[in-house]
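Here's the letter readout for the chains.
Number of protein chains: 2
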Amino acid sequence: MDAKTFDAKSLLDDLFDNGVLFDSGIDGLYGRSGDFEEVIERFEAMVLREGEKDGATRIHFPPGMSRPALEKSGYMKSFPQLAGCVHSFMGGESEHAELLGKMATGDDWTEMQESTGIAMTPAACYPLYPTVAARGPVPDEGLLFALSSYCFRHEPSKDPARMQLFRMREYVRIGTAEQVSAFRESWLKRGRAMIEALDLPMEVDAANDPFFGRGGKMMAASQREQGLKFELLIPVASLKKPTACLSFNYHQDHFGETWGLKFADGSTCHSGCVGFGLERLAIALFRHHGMDVKRWPANVREALWSA
Amino acid sequence: MDAKTFDAKSLLDDLFDNGVLFDSGIDGLYGRSGDFEEVIERFEAMVLREGEKDGATRIHFPPGMSRPALEKSGYMKSFPQLAGCVHSFMGGESEHAELLGKMATGDDWTEMQESTGIAMTPAACYPLYPTVAARGPVPDEGLLFALSSYCFRHEPSKDPARMQLFRMREYVRIGTAEQVSAFRESWLKRGRAMIEALDLPMEVDAANDPFFGRGGKMMAASQREQGLKFELLIPVASLKKPTACLSFNYHQDHFGETWGLKFADGSTCHSGCVGFGLERLAIALFRHHGMDVKRWPANVREALWSA
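Line order of the protein sequences matches chains U and G. The opening residue of the first sequence carries number 33 in the working numbering; numbering runs sequentially from there. The opening residue of the second sequence carries number 33 in the working numbering; numbering runs sequentially from there.
FYI, nobody ran anything at the bench for these hints, they're computed from the structure. A few of these clues could be false.
To be verified - Below, a sample of chain G positions facing chain U; criterion: calculated Cβ distance under 10 Å:
| id | residue |
| --- | --- |
| 1 | ASP59 |
| 2 | GLY60 |
| 3 | ASP86 |
| 4 | ARG90 |
| 5 | GLU127 |
| 6 | LEU175 |
| 7 | ALA178 |
| 8 | TYR182 |
| 9 | PRO188 |
| 10 | SER189 |
| 11 | ARG199 |
| 12 | VAL236 |
| 13 | ASN240 |
| 14 | TRP337 |
All of these numbers come straight from a predicted model, not from anything done at the bench. Here a beta-carbon is modelled for each residue, glycine too, at the ideal position from N, C-alpha and C.
Model the full structure from these sequences, guided by the hints.
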């Protein structure tokens, strides 16, 4: 069987059948095997070995962020279809009896919940900007952060590389346009080299985010024209539509303006990030090198386990 | 300043002021520093060094689980106030315009979202039972799993040891009553030894879960009487009300019955788990040994960094 002929659904079944992922009954929501987790850990070590050369500040955020902060970031304007908010039951005993009654009869009880202050984190860097803004002016040399977070996007799919809950590792550069540009160039080069070492086919291409609606089409076209987003794509579930496993983003001064990120002289900071989709990368490895990690090519194992 | 006199609010402020945690504006939702993360990693390594002796099967679940599975588990009956469900916007362009209008005028736009199939994972082991049930009969020697997961509980608090999103490491034993009992006894001993090595004050006591409502009081009393739950408590935000950092639970055949976990002879399995509250443990260490990890006592550093 040639792994290269898989479509999304049969790749997912293959991952289930080999105990790499575990079905939850919900598309895009899976348990992960110990082998899968070890692959992610080893790939993260490869990323960190590169990233450590630059001396980034490590911060970790949980899979949920402040809902007011997500609103302020503009996410609900651009990507309302992907966002998730956490709702909880806040009633008393009589409401609880009503809730259980609805559950017993198969009626919708979830509408008895109210929104909490927590939204799901859509990308590892969203909670960072307000945190940086609270710390005062950005130094002249700019800032560099190493992040990792579980992220949520509401896009149920049979494509195992499109999960609703997945982990993202990110480096975020905050500084001048030139500093951010140099950062992105450097990671475009390093990202390519890492994926080459893992013996995975790839291409790097200009890209756009999935902005919502008709107005979104114009924003997507503009983002592409301005070269604000590049993706490193690997064929995973399809040869024709390869999967973005790394992305390289230049936000211009969007987050700087939104959150008031400024240098001491009052000028607004630019920002950019490189993001690694950890589940996507792991699934690309299982797809191309086989379901049994022990039988992966020696050079791939060496690249991962020597990191 | 004697760390032992802190109350919850001043402990939280101290963690903020020292850059150990980062405020998000939402109680119980914080960013974590690199030092904080390293302490968690080192403690996890201590736990794993113990757990590896028993040869557990590692599975990892994301911070959300199947909502139907959470319903079937009985969680909404016992702990409706703590649960969280993920709601998303599923409308078209006109609804989106309405949503943005509400957001602009400060009206509640979140009610325009609908519940997805995903609920927040309340404890690391909840997604495990249906996964095990799908694999057929449980072998005579039972099963042992190593889990870790972000968990959500809706209980906003100024006590930094009571986060809404936190990580839990768990070992879960599925087998006969005797197998589960032996597992729990063994971890009660090992848990104590680990916390002793970290030079933290502790007590182990019978405990109960925070069952909802008046009926819940009876369930709590019964759980305590039957000795189904023990906690290892460490004073963190209060000397009078120490914080449960480890818990040792015997579920009897609750999950076995609910999910049809059976041996080949058709008898229902019992289950039990030991859970490590990773953020709680880390905060206990910062509280007792100080905000600067480098100045922690040599024996504590040795216990963590030699793992």
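Status of each hint after checking the structure:
The restraint placing G:ASP59 at the interface with chain U holds, with a minimum CB-CB distance near 8 Å, inside the 10 Å limit. Against a cut-off of 10 Å between C-beta atoms, the interface hint on G:GLY60 holds, since the closest Cβ of chain U lies about 9 Å away. Below 10 Å, beta-carbon pairs count as interface contacts, and G:ASP86 has none with chain U, the closest being about 14 Å; its hint is therefore violated. Of the supplied interface hints, the one on G:ARG90 holds, with its beta-carbon coming within about 3 Å of a beta-carbon of chain U, less than 10 Å.
Taking 10 Å as the C-beta cut-off, the interface hint given for G:GLU127 holds, the closest approach to chain U being about 9 Å. With a least beta-carbon distance of about 14 Å to chain U, the hint placing G:LEU175 at the interface is violated under the 10 Å criterion. This hint holds: G:ALA178 has a C-beta 8 Å from the nearest C-beta of chain U, less than the 10 Å allowed. Proximity of G:TYR182 to chain U holds as hinted, the smallest CB-CB distance being about 5 Å (cut-off 10 Å).
Hint status for G:PRO188 relative to chain U: holds, with the closest Cβ pair at about 7 Å, below 10 Å. Evaluation of the G:SER189 hint against chain U yields a violated restraint, the C-beta minimum of about 13 Å exceeding 10 Å. Hint status for G:ARG199: holds, given a least beta-carbon distance of 8 Å to chain U, under 10 Å. Here the hint on G:VAL236 is broken, as its CB sits about 28 Å from the closest CB of chain U, past 10 Å.
Contact between G:ASN240 and chain U, as hinted, is not supported at the beta carbon level, the nearest pair being about 18 Å apart and thus beyond 10 Å. Nearest Cβ of chain U to the Cβ of G:TRP337: about 17 Å, over the 10 Å cut. The hint is violated.
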